[in-house]
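*Asks:* Sequence:
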Amino acid sequence: MTDLTYVERAARVKLMIFDVDGVLTDGSLHYGADGEALKTFNVHDGLGIKLLQESGVQTAIISARTSPQVIKRAADLGIVHLHQGGHDKLTPFNALLEKTGLTAEQVGFIGDDVVDLPILTRVGFAVAVPNGRAEVLERAHHTTVAHGGRGAVREVCELLLHAQNTYQRVMAQFLV
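Just so you know, we're using the numbering used here here: the sequence shown kicks off at 25 and counts up by one.
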């Protein structure tokens, strides 16, 4: 059997999981005067996630770091599957598969660092950002052009919409 193209893999995705630091953000941590870590999210990425949800693809966040800003961002975007804290990302991934009834082949994941590899090597559609670690880039089915926090998530969302032939339907509300 020949290996599937990344577009064929994207066409099968029913759940897209996002890492946070280095994917939904550029990976920078800014600290306020009181020591609070601040994160910056890209609004284009956020709309991409909303459009993906409108197409019927579920979304999730699995992050090694814990941050109240991520809870707020997930709530703003309607992401109900959220797990934060701990380098073991495989356990929440397996729990998510059980909860949704999906197989790993029906799931996409975008990551950038070695803590993402346990999920990245199991999903049907593995995506890396171009400044990801070499081990991640080597194992990804697709690498975005845009960097994390700079439109990579929007790029993946639109790729999924095109691969699943739902782009025109979800964009119709804007193209009047």
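Among the hints, erroneous ones may be present.
Pairs of lysine-lysine, PhoX-like flavour, derived with a Cα cap of 20 Å [what the hints assert, rightly or not]:
hint	residue 1	residue 2
1	Lys38	Lys123
2	Lys38	Lys74
3	Lys74	Lys96
Just so you know, these hints were derived from the structure itself, not from any lab. Predicted model, so just to flag it, every value in this text is computed and none were measured.
*Asks:* Does each hint fit the structure? Answer for all of them.
*Replies:* Hint by hint, here is what the structure shows:
{"no.": "1", "hint": "Lys38 <-> Lys123", "verdict": "holds, 13 Å"}
{"no.": "2", "hint": "Lys38 <-> Lys74", "verdict": "holds, 14 Å"}
{"no.": "3", "hint": "Lys74 <-> Lys96", "verdict": "holds, 15 Å"}
The structure is consistent with each of the numbered hints, conforming to all of them.
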